[in-house]
Amino acid sequence: MADQAPSAPLLSVRDLHVKFPTERGTVNAVNGVSFDLYEGKTLAIVGESGSGKSVTAKTLMNLLPRTARVSGEVTYDGRDVRALAAEKVKHFFGVQMTMVFQDPMTSLNPVKKVGEQIAETLRYHLGRSRSEALEEAVELLDVVGMPEPARRVTQYPHELSGGLRQRVVIAMALACQPRLLIADEPTTAVDVTVQKHLLDLLDELRRDRGMSMILITHDLGVAHGRADDVAVMYAGRVVETADARTLFFDMRHPYTEALLRSIPRIDDPVHHRLDPIPGRPPELIDPPDECAFAPRCIYAQSDCLGGVPELSGLVGLHRFACLHPTGTERGMAAMSSNRAAGVTAAGLPVTGSGGGSG
Amino acid sequence: MAGTGHAQLRDRDDVLLRVKDLVVHFPAGRRRVVHAVSEVTFDVVSGETLGIVGESGCGKSTVARAIIRLVDITAGEVLYEGRDLAGLEGEDLRRVRPQVQMIFQDPISSLNPRRRVRDVIAEGLAVWGDDIGSWSRDRIDELMDAVGVEARYGARRPHEFSGGQCQRIGIARALALDPKVLICDEPVSALDVSIQAQILNLLQDMKRRYGLTVLFISHDLSVVKNVSDRIVVMYLGKVCEIGSTAEIYSHPAHPYTRALLASIPEPAPTVDVSEGDIGDELPSATDPPSGCRFHTRCPRATDVCGEVEPVSEQIGDADHYVACHHPVAVEITAR
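Chains as they are written, first to last, in the working numbering: chain R, 1 to 358; chain W, 359 to 693.
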């Protein structure tokens with residue numbers, strides 16, 4: 001394949017679908033996800049449990065169970081990633097592209113010294129000798145800010161705190177100089193002071209090494225501070241994607257707006273009444289042919305129930321999948337007609353005070 | 359604090375719960391002990407929501423569990439309506455417990471998976487029926503309705519509900535005995551973002567409707583600020599800072615409180631982001647640091663901090679108490 005022009009994305013995902021057959025029916029975990037990631041950038045994928053964000057990440061890393069049915073294109077630096085996976089190509093996953101998981105305790109081997117676990121990666125992928133690999137492991141631990149790295153390599157995971165364990169996992173991920181790091185809820189299991197250190201570290205590594213990063217998180221605050229671009233997922237689809245500033249301050253999708261409105265913020269007044277999203281996320285088995293957010297959406301009109309809205313706009317720009325976007329005239333009209341009726345087209349009661357930025 | 363002292367206790371008639379010099383040790387083998395809670399002192403007045411905030415290992419959950427005697431109290435007092443719960447045993451303890459109920463972090467595993475949710479909610483009433491007065495189907499229906507779970511689903515079992523619904527059922531169960539105090543231990547941490555606000559609002563509504571006094575434990579500073587009238591900040595088994603919510607968030611004085619506020623993804627405007635740069639090694643609770651327990655990570659620590667344990671002192675005349683040798687000077691307008 002020819003070299004990519006400088007403007008070509010490092011990773012490009014087109015119309016990705018992932019289905020899991022289960023006893024209760026087929027779970028449509030990912031339904032047509034597309035995005036681009038450029039060299040040196042961080043894309044945050046934000047969503048709640050069941051939104052498909054982790055399944056998307058695992059698909060990229062070829063970590064899905066065999067029962068999963070995948071379709072769509074994933075291109076990394078001009079190479080077809082799904083074909084690489086099918087050919088069982090060595091030294092791609094874990095080398096070019098690596099992943100850091102949520103719980104460091106389950107991604108480390110509990111009965112193996114951490115130095116050896118890092119060295120194992122180097123020996124397998126890069127053919128280092130045992131002693132070279134152990135030396136490099138110490139250097140890597142130093143890079144990720146581990147105090148006393150020479151002593152730590154001889155310790156077992158249970159001897160380390162959660163924050164230090166996660167540093168070991170990050171060191172392993174960096175071992176082969178990846179160009180893309182996928183971090184799946186990397187700080188969800190740790191305390192806030194530790195979270196800050198880990199996110200600072202990931203930022204620094206990305207900058208120093210020119211890596212690209214996909215940061216998967218349920219925490220909008222984390223996405224806001226750390227990402228260049230953000231994709232919001234709901235029920236297996238990207239419902240809105242934009243650069244971080246646009247997404248947080250000039251969003252178009254009612255779900256993005258409702259999510260941001262529902263979380264308590266540190267500068268809100270004490271006992272500030274929260275504005276929750278009514279209802280709960282939809283079932284992913286046999287979803288109805290309508291906007292998945294419509295039953296919970298205060299903007300919903302009858303056309304929202306007539307089919308799933310497409311993500312409009314060009315890839316790479318501000319895109320959203322909504323027929324009556326917030327902050328537009330159509331959105332305002334939808335809101336005022338729902339308010340006047342006291343109910344949305346999907347049957348959700350609307351009170352005068354609820355939501356609506358206009 | 360990361361210290362001791364009683365300055366934060368209030369001399370009022372409506373103090374419902376007073377925890378004084380509470381100590382909880384857990385054996386850790388080879389005659390070592392985990393100092394989970396060390397001389398913690400605070401009080402809660404009737405109708406108040408007290409937030410207890412801190413990171414894992416700070417002892418916040420152990421304090422809550424000690425109050426309802428789910429763990430043994432090593433030393434200290436837990437005065438509930440003037441009675442010391444620490445010394446109660448057997449029938450006396452059993453009689454107090456309905457008045458102090460608890461909801462837990464994991465809403466699904468805290469419900470018995472084999473029982474219908476109606477029976478889960480009714481359990482306490484079935485045990486206490488004769489003492490608390492007659493109860494009926496209507497009472498369960500009313501509770502389910504109050505927490506927003508349709509009564510017609512009463513025959514279903516917990517696994518048929520979502521996490522948010524299970525937390526509502528847990529709240530109904532806690533409220534069934536008409537408690538005075540509700541202890542909430544990380545009640546929304548396991549829930550999705552869009553569901554958290556529903557549960558937080560529900561807790562506020564239940565508090566108002568049933569006249570509850572609430573102890574709210576969380577690691578999430580934004581959530582605690584939203585629900586609490588007064589806040590206790592804990593670190594490694596000790597109290598750092600206590601005060602009205604407005605005081606703590608507008609003038610945080612303890613370096614640890616400030617570090618927490620600076621570490622959250624969208625830091626509080628009252629602190630500088632660099633104040634969050636404390637080491638990420640929490641000292642061992644079996645061998646806690648001398649003096650102020652926070653001194654090993656504290657950017658303001660001096661020699662005295664490693665030698666002398668700070669005692670809580672009031673800041674000006676505000677409802678704000680800090681145990682620190684070098685509290686961050688805050689402008690006190692009323693001084």
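Calculated from the structure, these hints are not laboratory results.
Hints are not guaranteed to be accurate.
Stated by the list, open to error - What follows is a set of in silico ranges between Cβ atoms, one per label pair, in the way DEER data are often shown:
id, chain 1, residue 1, chain 2, residue 2, range
1, W, Glu481, R, Thr188, 31 to 37 Å
2, R, Arg209, W, Gly674, 45 to 51 Å
3, R, Ser336, W, Arg452, 43 to 49 Å
Glycine residues also receive a C-beta, built at the ideal position from the N, C-alpha and C atoms.
Hint check:
1. Taking 31 to 37 Å as the suggested C-beta distance range, the pair Glu481(W) and Thr188(R) conforms, at roughly 33 Å.
2. Range check, Arg209(R) to Gly674(W): about 50 Å between beta-carbon atoms, so the 45 to 51 Å window is met.
3. Checked against the hint of 43 to 49 Å, the pair Ser336(R) and Arg452(W) fails, with Cβ atoms roughly 57 Å apart.
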